[in-house]
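If you're matching them up, the sequences are chains A and B in order. Under this note's numbering, residue 456 is the last one in the first sequence; the count climbs by one each step, no gaps. Under this note's numbering, residue 456 is the last one in the second sequence; the count climbs by one each step, no gaps.
Hints listed in this document are in silico derivations from the structure and should not be mistaken for laboratory results. Everything numeric in this text was worked out from a predicted model, so none of it was measured. Check the hints yourself; a few may be wrong.
Any copy will do: because identical chains look the same in the list, a pair fits if it lies in one copy or spans two.
Straight-line Cα separation of at most 27 Å, BS3-like style, residue types lysine-lysine; simulated pairs [what the hints assert, rightly or not]:
#1 K330 to K408
#2 K374 to K172
#3 K283 to K401
#4 K330 to K168
#5 K73 to K117
#6 K126 to K79
#7 K13 to K144
#8 K430 to K35
#9 K374 to K283
There are 2 protein chains.
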Amino acid sequence: MTFERNSKIKPVTLPGFTELLPNEQIAFNKMVNTIQQSFELFGFNPMDTPIIEKAEILMAKGGEESEKQTYVFKKGDTDMALRFDLTVPLARFVSEHINELIFPFKRYQIGKVYRGEKPQKGRSREFYQCDIDIVGRGKLDIISDAEIFQAIYHTFEQLNIGKFVIKINNRKLLSGFLTSLNIEDAEIANTLHLIDKLDKMDMDKFVGILKEQGWDPTTVARLVTFLELSDANMAQSTLLSKLAEQNVINPLFQQGLSELQQVTKYINDFGIPQSEWKIDLKIVRGLDYYTGTVYETFLVDQPQIGSVCSGGRYDNLAEYYTDQKLPGVGISLGLTRLFYQLNELNLIDKKSHTTAKVLVISMENLLSKALQIATELRTQNIPTEVYTDETTAFRKKLEYANKLAVPFVVIIGENEARDNTVTIKNMETGEQKTVDGKRAGEYLQKAQNPR
Amino acid sequence: MTFERNSKIKPVTLPGFTELLPNEQIAFNKMVNTIQQSFELFGFNPMDTPIIEKAEILMAKGGEESEKQTYVFKKGDTDMALRFDLTVPLARFVSEHINELIFPFKRYQIGKVYRGEKPQKGRSREFYQCDIDIVGRGKLDIISDAEIFQAIYHTFEQLNIGKFVIKINNRKLLSGFLTSLNIEDAEIANTLHLIDKLDKMDMDKFVGILKEQGWDPTTVARLVTFLELSDANMAQSTLLSKLAEQNVINPLFQQGLSELQQVTKYINDFGIPQSEWKIDLKIVRGLDYYTGTVYETFLVDQPQIGSVCSGGRYDNLAEYYTDQKLPGVGISLGLTRLFYQLNELNLIDKKSHTTAKVLVISMENLLSKALQIATELRTQNIPTEVYTDETTAFRKKLEYANKLAVPFVVIIGENEARDNTVTIKNMETGEQKTVDGKRAGEYLQKAQNPR
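Starting from the given sequences, assemble the full structure and let the hints guide the process.
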């Protein structure tokens, strides 16, 4: 019996870990660039914390779910963990560097986070989050809540992935309203969690659960009427008036209403069209963490995806690490999941397998000319690739260009070499033009190709 | 005795894990963008593999050093590891997706890698590598070796971090020469490792070690003479002639010489000045992996940093995962370390604490105007921040602008609000100008500020 001495290890990624092929990666990176540019346009500055943190830092808050899903490991005597979001690292970062930062601290972070979830379609264990936050030292003006809104509105507009609507609410409204109904504090938290599930549950079921929990029917009816206020198709200003008319005698409610009035006033000032945002009193966000404004973002034509970008205002970012009060507001866009969903729906343009705008190909023995032209085009900042294997048949070189789906091919044949010209082929339209070699860059810079 | 119920967890990163403050991060990201743009200019396409791979994939090659330094952990029954470079993931990726890729496959990857080294100055356990590789299926033209050279030359030129020199060699030259001296195969590998250490050891010591190992003095002298050929200040073409004149009767040597002649011919065709590259016969790269061309890059004024960008040609990228022969050539730039070194030398411009070009500040009660102007500037793609806390004294707002080191401040006072103008202050020169509010964007787009 002989053993296979030369056996190979099967080249696969871990279950639940995904990666993209070049054409998908190019499309994904375009989205990343759009998001990054939009964040910077609004004055958010880059941050890049380690992917590994001390386990005690990431586990400070606890919670069974997050502990189960977090990758924790030991190296020597050190307990380490992979970050499961970008908010806990932000809290650690701001507390650690509090005296080196300029407040209000506006940062964005686009990075990978890790959750050991059951692998399932569209849920990767390693995925990108794109976060923006504004953190104040001691205090933070309510206008920051409107700025976050504006930045995320601009981002989705730039992403150009279809109609979207940003839903906004203020948790103080709901908490205050529930208090005014004489609901006890502990039950308020439970009720908010239940309201958070209303997108997956109909109102009848919700009513049934509350009644089972011993709520009296009048109180339930009042809550339902309140929650459904925002379902009617009315101007946001009308809704705000209606909320004021509820005469809820509760200071938290009144504060929430005032905050929502201010935030929506600024949103209008920013000129954001009414069709692309709405107040939704049923939006609460699952996390207890949020204390005021909350946001969720939906793609109008893909409601089944759920919220693709969510966040809100929090009173105290870093209570586990510092006594300093650090109020903030932020939002997080789950890019890997969004990309996956859009890709499944065939809404990602992934025709192109190259970031190059031009492929230079030459007939036999003219490679030096091809390299010369490529160098000139690159000097003019035109991303250029050269087909370098001279022995390949010309037909095969064009096949390669087609496979890459490069927008333009620059051809150097015998005539071109003799005349110091090049022939430029628009691979989308098939159009060909022979131009002076020195003017190739100029021609290409003007030439339009939808790819 | 009472316990501190409210004790805080100390907010610190793990030892050996580093992160940057905003001004440093902005400077770092500029370098990343430059590198990425340069890679794309040469037709390299993005790739982004998971940071975690199956342990057996990363450990396929073995080697005690890499095993000790690799972060390995278990989640459930699965042995996972954090990637320690970007080459092994490339090998896994290409073997896994071989039938979905277009060859020659040109990719870049800029990403974090992990090594559990002893923490020391300038050595982070998490650091960025920026890699480009060209991988062929079955074969890969020698011109790819010149393309990698050209891309990395352009990258360092764009990085603008001072004079640099790229050293190039071909391992076949040395291996062939050693064979022609009747050195046995096993000893050739050892000798190459010893030559690799010549930058930290003087020639006398090198000679001493070889003699201790039983080399006869004539052979040692011949090797030293050979290695020192490239130390003399001569044109590369002269050196190549001298190498040819050695009359080394060994096919590997002759192949290496021919490859080096071709690669340097193309380098000259690319118009790369002789002052910025050189053939150095003592460059071998430590890794056994390389089989032909090898590169190292040095900053002329900072020789103590050592090579900042190295790589070479390999015959077989993915032998542990596939029977397919995948020759390639690539290079890797260790960005975190380079940035650290330049930062230590005060060569990083980190004046600016914001990516915004403009900060808009307003006198009391004019915030709405400020937000309006900010929105207009952003529509014109000018990164803009607004000072949103109206209650802050004007003096403090200017202090904030100074701290941020934002290039321009747009001021809205009572006069400006009345006249629909804004006053634009160049924070570098102190120059101020009041312009029509509608023309602020135009003015700012033209205005130059070195920051």
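Against the structure, the hints:
1. K330 to K408: between (56 Å within a copy, 22 Å between copies)
2. K374 to K172: between (58 Å within a copy, 26 Å between copies)
3. K283 to K401: For K283 and K401, neither the intra-copy (55 Å) nor the inter-copy (36 Å) Cα distance is at most 27 Å.
4. K330 to K168: neither (38 Å within a copy, 48 Å between copies)
5. K73 to K117: Both. Shortest intra-copy (19 Å) and inter-copy (25 Å) distances satisfy the 27 Å Cα cut-off.
6. K126 to K79: Cα proximity of K126 and K79: across copies only (23 Å, versus 30 Å in one copy).
7. K13 to K144: between (59 Å within a copy, 21 Å between copies)
8. K430 to K35: within (25 Å within a copy, 34 Å between copies)
9. K374 to K283: between (60 Å within a copy, 24 Å between copies)
When held up to the earlier numbered hints, the structure conflicts with 3 and 4 and fits the remainder.
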